[in-house]
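Visitor: The primary structure of each chain is shown beneath.
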Amino acid sequence: MSFLDYFISALLLQAGYNSALVAVGAGLLGLSAGSAGAFIFLRKRALVSDAISHATLPGVGLAFMIMVAFGSDGRWLPGLIIGSAISSAIGLILVEWITRKTRLTEDAAIGAVLSVFFGFGIVLLTIIQTMSSGRQAGLENFLLGSTAGMLISEATTIAVAGALAAAFVFLLRRPMTLVAFDPEYAATTGVNVRNIDLAMMGLALIVTVIGLKIVGLILIVALLIIPPVTARFWTNQVGPMIGISALVGGISGYIGAVLSAAEASIPTGPIIVLVAFGFFMISALFSPLRGALASALRHQRFQRRVHRRQGLLALSRREPIYDGLTLRILRRSGMIRRDGVATLRGRTASEKASRDEARWAMARRILPDDSAIERYDGLTPIERMMTSDQIAEIDRMLAEKQGASA
Amino acid sequence: MRNAELIAEAGKIVDVAGKDAPLTVRGLTVSYGNKPAVFSVDASIPAGSMTAIIGPNGAGKSTFLKGALGVVPRLSGEVRIFGKPFHEARDRVAYVPQRASVDWDFPARVIDVVLMGLYGSVGLLRLWRARHREQAMACLDRVGMNDFADRQIGQLSGGQQQRVFLARALAQNAEFYLLDEPFAGVDAATERAIVSVLKDLKSEGRTVVCVHHDLSTVPEYFDRVLLINVRRIAEGPVDTTFTAENLQETYGGRLAATHIDELRLA
Numbered sequence: 001m002s003f004l005d006y007f008i009s010a011l012l013l014q015a016g017y018n019s020a021l022v023a024v025g026a027g028l029l030g031l032s033a034g035s036a037g038a039f040i041f042l043r044k045r046a047l048v049s050d051a052i053s054h055a056t057l058p059g060v061g062l063a064f065m066i067m068v069a070f071g072s073d074g075r076w077l078p079g080l081i082i083g084s085a086i087s088s089a090i091g092l093i094l095v096e097w098i099t100r101k102t103r104l105t106e107d108a109a110i111g112a113v114l115s116v117f118f119g120f121g122i123v124l125l126t127i128i129q130t131m132s133s134g135r136q137a138g139l140e141n142f143l144l145g146s147t148a149g150m151l152i153s154e155a156t157t158i159a160v161a162g163a164l165a166a167a168f169v170f171l172l173r174r175p176m177t178l179v180a181f182d183p184e185y186a187a188t189t190g191v192n193v194r195n196i197d198l199a200m201m202g203l204a205l206i207v208t209v210i211g212l213k214i215v216g217l218i219l220i221v222a223l224l225i226i227p228p229v230t231a232r233f234w235t236n237q238v239g240p241m242i243g244i245s246a247l248v249g250g251i252s253g254y255i256g257a258v259l260s261a262a263e264a265s266i267p268t269g270p271i272i273v274l275v276a277f278g279f280f281m282i283s284a285l286f287s288p289l290r291g292a293l294a295s296a297l298r299h300q301r302f303q304r305r306v307h308r309r310q311g312l313l314a315l316s317r318r319e320p321i322y323d324g325l326t327l328r329i330l331r332r333s334g335m336i337r338r339d340g341v342a343t344l345r346g347r348t349a350s351e352k353a354s355r356d357e358a359r360w361a362m363a364r365r366i367l368p369d370d371s372a373i374e375r376y377d378g379l380t381p382i383e384r385m386m387t388s389d390q391i392a393e394i395d396r397m398l399a400e401k402q403g404a405s406a
Numbered sequence: 001m002r003n004a005e006l007i008a009e010a011g012k013i014v015d016v017a018g019k020d021a022p023l024t025v026r027g028l029t030v031s032y033g034n035k036p037a038v039f040s041v042d043a044s045i046p047a048g049s050m051t052a053i054i055g056p057n058g059a060g061k062s063t064f065l066k067g068a069l070g071v072v073p074r075l076s077g078e079v080r081i082f083g084k085p086f087h088e089a090r091d092r093v094a095y096v097p098q099r100a101s102v103d104w105d106f107p108a109r110v111i112d113v114v115l116m117g118l119y120g121s122v123g124l125l126r127l128w129r130a131r132h133r134e135q136a137m138a139c140l141d142r143v144g145m146n147d148f149a150d151r152q153i154g155q156l157s158g159g160q161q162q163r164v165f166l167a168r169a170l171a172q173n174a175e176f177y178l179l180d181e182p183f184a185g186v187d188a189a190t191e192r193a194i195v196s197v198l199k200d201l202k203s204e205g206r207t208v209v210c211v212h213h214d215l216s217t218v219p220e221y222f223d224r225v226l227l228i229n230v231r232r233i234a235e236g237p238v239d240t241t242f243t244a245e246n247l248q249e250t251y252g253g254r255l256a257a258t259h260i261d262e263l264r265l266a
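Chains W and P, in that order, are what the protein sequence lines are.
Each residue of the first sequence is one higher than the last, beginning at 1 in my numbering.
Each residue of the second sequence is one higher than the last, beginning at 1 in my numbering.
Looking at chain W on its own, in the form it has when it is part of the complex:
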C-alpha cells in the first residue's frame, strides 16, 4: 500500500481500529488544546504554558524511577501523567510565587523555572538510561511525541481527558472571558480572578500532560497558541474564536496523527504542529477579515477612495482636477462627464463630501484627544463614526461658527 493510499484510508478511519482510535484521541486533544489555548491567548499568558510544559519532564523521570522501584517496567501512562502533572504544578506555583513575592517580572520567572525544570528532567532521563531495570527505551518520546505502538487504553485515556477539558472550557467560558477582558470589573461582579486564572492554567496543565504522549512536551505549547492565533484572523468575537480555535486544534491533531501513523519514523508532535502552522499561514494570508491579502486589497480601495474624495472636494470648490487616476475614478462612477463637468450625481456627492469635511474639521477641533479622530481616514462618513448627539454637537458648533463669521 502506498503512503497516499494509507493516508487516505487512515484519514477515513479505515486503517485499523488502533490507528483510528489514536487519530480520534489526537483530534480530541487538539480540540481541548485549541479551546483552552484561546483563553490563555486572550489573557496574554501564552508563555506561562511554555513553563508548564517544560516543567513536566522531571515528573516523568521521577514517576518512572518510582514505578521501577516498585517493580513495574515504569511505562504505565497514567502513572507518568500523574508524575508530570505534579511537577508542572510545582513549576506553575513557583512562577506565580516568584512573580508575586519578588520584584522579578513574570517573563523572568518563566525563563528561570522553564530552564531549571527542563535541565533537571534531562539529568533524570540520562540517569534513567544507565539504570539496569525498567523499560526505558522510548521514554525520550515524551519530548517530541510518538503514536507508534500506542496502546488502545492510552488513546482512550487521552480522548476522554481531552473531551472533559473541552467541556470544562465551555462551562467556564463566561468568567474566563470576563477575566481576560476586564479583570477589575470581573472582581466586582463576584468572579474570583485568582481562581479563574488558576483554572485557566490548570486547563493548560491538563492539556499538556495528556498531550505528552502524542505531541510531546517541547511542542505542546504550539498546540495551545497556534490555533487561537489562527482563529483570531477569522473573527472579532470570543465565542466564534473559541469554536474556530478548537476546530483548528482538533483537525491539526487528527491529520497530524494520521500522517504520523502513515510514516512512523517521524515524531508525531512536529507533524501536528506543522499541520496547525499550515492553517495559520492560510489564515494569515487569505482571511478576509485580518489577512495580509485582504489588507492589501483594502489599502488599494483606500487609495481609490482618497482620490474620489479629493476629486469630489475639488468639484465642490470648483477647482480643476489634474490627477489622471482621480479623473478616471470620477468618470467611471458617473460623477463627471467626459469633458470634466460635474453631473447631477457628482454635484450631490460633492456637496455631501464638503459637508462631511466641515464636520470632521470641527470634530478635530472640539474632540482633541478622541480616538475616533486618531483613526479618521478623511473618508468614512461621519455618521458611521459618531453617535447622533455627537454629530448634533458638531453641527451646533458649525452653525455658531458660521453665525460668527457672517
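Derived by calculation from the structure, the hints in this document are not laboratory data.
Heads up, some of the hints might be wrong.
What the hints assert, rightly or not - Here are the computed lysine-lysine pairs in the DSSO-like style, where the Cα-Cα straight-line distance is at most 30 Å:
1) W/K44 x P/K84
2) W/K401 x W/K352
3) W/K101 x P/K35
To be verified - To be clear about the criterion: a stretch of chain P counts as covered by chain W if any three or more of its residues have a C-beta under 8 Å from a C-beta of chain W, and this derived list gives those stretches:
4) 141-147
5) 179-189
Where is the CB? At the ideal position from N, CA and C, for every residue including glycine.
Position chain P relative to chain W; hints supplied.
Guide: The following block gives chain P in isolation, referenced to the frame of chain W:
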C-alpha cells in the same frame, strides 16, 4: 484617647448616612508596595446622593474605590456596602472602571461587552436569549449607542468606549454605581449623555459615586464631595464642603487661590 475619638467620629458617620448606607468606610488603608496610596480614610455615602471624589493626581482616588470594592487588597480598614460586607451586597453594586484599563482590541462587539453586565444573573450553562439581548439593547439606548451594537469595540472613540462601559453597568440594574473617571478624555456630547444618565439614576433613588477631576463642573453635576489626598481631607454636601479652604488643603500649592475663587462663582 485617640481610639475614643475615632469611635466617636465613626458614630457620627453612621448618623449622617444611616446604618444601611450604600457605602461606609472606616480607616481604609491600601498600599502599593510599602507606600500607602490611601491612608486611614473614613467615608460614608448616603443613599440617593451623587458624590464626587476629588483630589490631585496620585491622591488615591481610584485606589479608594478599588479598595472599597475589594479589587485591590486592603491593608486595614472596614468597608460596609448597604450595611453588609461587599460579597453579600455585590448584586446591588455596579462598578465602571477607567476605560484605559482594558485592551480594546479584544475580540468583542459592543453588545457583547454590555451582555457582560448580565453574566452575574445568568447561569454558567445558559445561552443568551432574545430577552437578554433586548435588555442589553435598552441599556445601549440609554447611552445613545444602539446603532453601534454590532460594532467592533476596537473601532470606538474614547467617549463611545466610556458609554459602552456605562451601559454594561446599567445592565447590572444596581442600586449603587461607582465610576472611575467617567469623564476623562471624552467629548462634550458624551459628557452630557453620561451626566444625564447619572442624574436619571439619582432621580430613581439610586446612589452614584464618581472619581472626578474637573473641579469646574463639581457644583453642577454633584451634590456631595469627598476630598482625598492620601488621607481624607473633608466630606459633605457641595455647599458646605466644596470650599476654597478645603480645596487649598487638598491640592496644596497646586491650585492657585484665584482659580478657586472662580470655581466658587461658577
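Visitor: So which of those numbered hints doesn't the model satisfy?
Guide: 1
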